[in-house]
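Undergrad: Listed in order, the protein sequences are those of chains R and S. The first sequence maps to residues 1 to 223 in this note's numbering. The second sequence maps to residues 1 to 518 in this note's numbering.
What the hints contain is simulated information worked out from the structure, not anything from laboratory work. Note that the coordinates shown come from a computational prediction; the quantities given were computed from them, not determined experimentally. In this text, a Cβ means the ideal position worked out from N, Cα and C, and glycines have one as well.
Pair by pair, the computed Cβ-Cβ distance ranges are:
id	chain 1	residue 1	chain 2	residue 2	range
1	R	Phe94	S	Arg54	42 to 48 Å
2	S	Ala364	R	Phe94	57 to 63 Å
3	S	Ala45	R	Phe94	32 to 38 Å
4	S	Ala126	R	Arg35	44 to 50 Å
5	R	Thr183	S	Ala401	21 to 27 Å
6	S	Pro55	R	Ala44	40 to 46 Å
7	R	Arg216	S	Leu150	45 to 51 Å
8	S	Leu41	R	Asp96	27 to 33 Å
9	S	Gly147	R	Ser130	53 to 59 Å
10	R	Asp96	S	Pro24	34 to 40 Å
11	S	Thr285	R	Gln131	34 to 40 Å
Only some residues are given here: those of chain S computed to face chain R with a beta carbon under 10 Å:
id	residue
12	Ile36
13	Phe78
14	Phe188
15	Leu191
16	Ala195
Computed footprint of chain S on chain R, listed as stretches where at least three residues anywhere in the stretch have a Cβ under 8 Å from a Cβ of chain S:
id	stretch
17	79-90
18	167-181
Take a look at the letters that make up each chain.
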Amino acid sequence: MTTAGVGRPARRARQADPAPRRSTGYRLAGLRLARLYAASRRAATCLLVLAACAIALRTALHWLPRSGVYAEQIPLTIEAGAAAVIGVTTGSPFGDPERATGRWLPYLRLVAAVALAGAAFGALAAGSASQHLDGGTLALLRDLAGFTGLAFLTGAVLGGALAWIGPLGYLAITLPALAGHWTTPWLWPARPPHDRGAAICAGLVFAAGLAVVTVRGARAWFR
Amino acid sequence: MTTATAPVAPAAPARPSRVALPGPARLLGLELRRNIMPWLLPLLAVLFWLVTYRPAMADPPFWDVRSGIVQSHTLLAFAPLLAGAAAWAGSREHRRGMADMVGMTALPRWAGQLAAWAATTCWAEAAYLAGVAVLYVVTAHQGAWGGPLLWPVAVGAAFVAASCALGFTAGALLPSRFTAPVAAFVMFLALAGGAFALQANVTYAQIWPLNVQGAFPGDAYGIFYPYFPDLPIAQLMFLAGLAAAALGGLGLPAAAGGRWLRGAAAAVTAAGLAAAGTGVVLAGTARLEEHGIVIPALHDAASDRPTPYTPVCGHTAIPICLQPAYRALLTDVTAALGPVLSQVAGLPGAPVRVTQVAVTSVHADPSNGIALGGPVIDGRPPVLYLPLSRVALPGEGSASAITENLRQQDGAWILSLVVGLPGHVGAGASVGGISVMPGLGPRHSAQVAVVDGLVRALDLAQPGPLRARIPHGTPPGWHQELAAAQRFAALPAAARHAWLMTHLAALRAGRISLSEIP
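If we strip away everything but chain R, and leave its shape as in the complex, we get:
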């Protein structure tokens, strides 16, 4: 199935039906387009994995000590995993035919990326509710946004299927940085939650990733 034929029912509705039914037809077509887009990106599976991440975070926070290296590293690992999964959903199974025919594609990409990132934040915030999360919700938002931005950027460069390399590679650099107390804001997970420089860096990376993945999408260089 492709998204190319998605507009047909709407066109038929426009020709046959009077004006009051026209908007309903557009809405239905739009919803169908969004549903097909989400299905082609395996968004439902992504949401399931995000829910699993939230459960993993809650379980970890229950057992982890309230401070120390593990209290920082394990939640961070789960956040990076969630971002990696979001990045993977940017990959298209159709490639160029979809680019050529889908004029709504940038909007769909933007909405899907923002929705999944929001869902990830909501799931992880819910998973950490009433538990002690090192750095709190603010650090969760910053770190998750940065990881997700990296996943989008990697997806745009290497392809959606390899988008996980960015956040997980960055995580591998970050883990020793946590113990080594590095101070650069570009390693935002190692900075305190109220560090403005770290928040700006993570925000910039998220904005850049979102912009690139919206405009260009995730190209599949490696198949």
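For this one, chain R is given, so just place chain S on it according to the hints.
TA: What follows is chain S alone, placed relative to chain R:
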């Protein structure tokens, strides 16, 4: 003109053909060329530089310290990414919609999958070993004493292969766009879980592949005695078993090959699981000893023989001899302990030589901690065995900090050993800079006062009233002890020495009262 009548073109000179490789080698060559790993090499190089090379270079050039980093730091960064990349390689046939087509070829599918795994692993091993080689060459160039430790490298190489095998199997058996990130993510979580189990003192968690000789400090093993291979052998069994079980599991589905092939795959899986289980069970029997982690079933008595070396000695009243790897510390140790040794030189029972050792005693603490003993006087003639692994490594920290640390910790400790204070003085409450066991009773008052007086006289610690730092309650008569200590500290050094020469035996036997201290 038809093609039948066309002149026959002269035959082109035969091109020299490439050397015909056997089938498996040709397949491996193809897989090596068409692998994702070459594209990941720059990322792995950057990771190695940030995670391993930089921290290793920040440490002094000691083989044991840097080898430990090679095993722990590098693999924490590499293993999850390799598992993800291998999962990507394993799901290739599904991703390209070729699973059925490949299943019909003459080559058994299991063999093809093994070739793809081998190619991924070859690239990963090449990246890992190249990084290790660079680090070891630089370490050798910096003049590290002894030779490189290869067991941590072997464990690392096995973990690389096992990560690739686990990831590849996950990718082949559960192909999906989410398999690669989830494989990498699960590997991260598994490593974190292992570290957490190790910290919770779960005995079997010693098998954790990033575990290098438990909680021993990096410089407490592998210099004075050979590196104990017990734990690495168990880890190798575990990792090789995991890899074999995962790869054997690939050959179990009906599409993997014929009956015999699947039987062989089942045997490999069973053998792998048995090896991994044996490794875990062996790790469960591990115990902490003075020179590393010992697993009785794997321990070789030859490892218990000390590594021979020619010590480097300083010129103090009592000669201080260090292991040559610590040559750079000799000046600091001499400056720190020289005054203490001058005070006790020649006293009956005082040491005639100070010899550096790795550790004197060790026992496990909660949360994967370790408690190392302090200096010990032993033997005839008495020798002071001085461990320096708690202090600093040559080139680590400033000279003044090292000297101060030694003066405060070991200087006071040596004095208390000389006057015969009981037990391991050094744990428990701190008295005038000397740490004293809580079990000290009134009969030790004179010894405590003499040591405190010497500490004050030699300025080994911040001056303060005797037992001022004991948190709860002051023992009766403490102000008499304080007065005696202050009197003794006020004596000239020669007078203190002369008094100790005469009364040390009685002081040790507890026959000196506070009033007898001059």
